[in-house]
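I would like the entire structure built from these sequences, with the hints used as guidance.
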Amino acid sequence: MAPRIDIDGRNLALRRGTGISTYARNLTHVIHGLGPAVGVVYGKHLLPRADATLAEVSFFDQENLLPRSRFARRSHLFGQVIAGMAGLRPRRIAGEVVIREPLAADLPYFDRLYNIPGLFDIARSYLKYTGQLMDLRYSRQERPQVFHCTCPLALRVRGAANIYTLHDLIPLKLPYYTRYLKAEYYRIVKEIVRRADHICTVSEFSRQDIIRTLKVPENRVTNTYQSVSVPGWITRKTDDEIANEIEGAFGLPFGGYFLFFGAIEPKKNIARMIEGYLKANVPQPLVIVGSEAWSADHELAMLQNDAVRDSGRIKRIQYVPFDLLLTLIRGARSVVFPSLYEGFGLPVLEAMLLGTPVITSTSSCLPEVAGDAALLVDPYDTDDIKAAFRAMADSTASLEEFRERGQRQAALFSPERYAARVKAMYAPFL
1 MAPRIDIDGR NLALRRGTGI STYARNLTHV IHGLGPAVGV VYGKHLLPRA DATLAEVSFF
61 DQENLLPRSR FARRSHLFGQ VIAGMAGLRP RRIAGEVVIR EPLAADLPYF DRLYNIPGLF
121 DIARSYLKYT GQLMDLRYSR QERPQVFHCT CPLALRVRGA ANIYTLHDLI PLKLPYYTRY
181 LKAEYYRIVK EIVRRADHIC TVSEFSRQDI IRTLKVPENR VTNTYQSVSV PGWITRKTDD
241 EIANEIEGAF GLPFGGYFLF FGAIEPKKNI ARMIEGYLKA NVPQPLVIVG SEAWSADHEL
301 AMLQNDAVRD SGRIKRIQYV PFDLLLTLIR GARSVVFPSL YEGFGLPVLE AMLLGTPVIT
361 STSSCLPEVA GDAALLVDPY DTDDIKAAFR AMADSTASLE EFRERGQRQA ALFSPERYAA
421 RVKAMYAPFL
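Those letters in the sequence shown? Residues 1 to 430, per the numbering used here, in order.
Hints are computed from structural coordinates only; laboratory data are not their basis.
Predicted model only: the values in this text are computed from it and were never measured.
A hint or two may mislead.
List time: in silico DSS-like cross-link candidates among lysine-lysine, alpha-carbon distance up to 30 angstroms [unchecked claim]: (1) K128 x K173; (2) K423 x K215; (3) K128 x K237; (4) K386 x K279.
Structural data, given as structure tokens:
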């Protein structure tokens, strides 16, 4: 029987994807390709007292079911924290009834699905009251060889190798730019460092950060980097086909706009990007694609200026389906990603893979990912950002050079190389 690696479904259950949900989804496919079976453990609220069929139906129902009242939710949470002292047992979801094809793009690969209602909130509360990670107690026959938390979670599986991905230490490094409860976050990562069999991260910058800040021995932290795959159709389409789709969907010219995509939050540095763009006074519009996260109003404040709004130079799109986002990326003159701090920076890799020039920052891991294939700017200097916009707006020759360098750089993060690094990390535990 093949060994099995289970991961958490914390971010996979979110309605709108995040960088960590993309990471987790990709990881399940990589594990499957390496040979082990894949299990995913969710924390969805299911219909109470449901049999196997109804449990599966409510698991895949897009309306996540919660106890109706605040009192009921707190009572459920308290009861489960008490039960957690003996360990909580995941319930197997059969996966034999619901038609899953319409959800395929959002689902991870899995051989087995498990669920514990409210799992991740229970684990947080358990750590708060006990100072310990909460055990998941599989039956002996069901227990995986490896349990991999794809973000800091207060969970472990007794009898399995427990691996945790720490993408970055942003709540500790930029506490003023995140909503995390910093003391709670610190307790979780300190306990993870104490109990983990191994720690995974996604850039050498983050690896060194973890080693220095959390005092972790070097041999206990592996950098696997990340990878991204794009559907073949997006690279097979001609420039004319892409141009026609962009014009039809957004009224934008091929190669005639700058593009930012990602969450609208302080660490993405949107406000300085907008200021640098306006100061550059370039003819190409700036398109900002992304949902509003914490403190988005501050980041987008300049867009409320009457002159800026009426000029139409900056276009806001809150949500774009994945296929259209790929089309937008490929058709952009440049992707702009002047983030203040990243664990990896997937948008940079996605743009380079699609042959789109990149403006990104000198901060954190971004020079490591971009190499010599992007125009790097000081993310705190709006004049530096302004100069980058002007450089990309004016020079057709340099655009072509950035395209070629970007695709060479992207090859360093190919799915094959990523799979080899993940395989090497798991090997001692299988």
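Now for the hints, and whether the structure bears them out:
1. For a cut-off of 30 angstroms, the pair hint linking K128 to K173 stands: about 22 angstroms separates their Cα positions.
2. For the proposed pair K423 and K215, the alpha carbon gap of about 25 angstroms is at most 30 angstroms, so the pair holds.
3. This hinted pair does not check out: K128 and K237 have alpha carbons roughly 52 angstroms apart, beyond 30 angstroms.
4. With a CA separation close to 6 angstroms, the supplied pair K386 and K279 stays within the 30 angstroms bound.
The structure fails hint 3 only (numbered hints given earlier).
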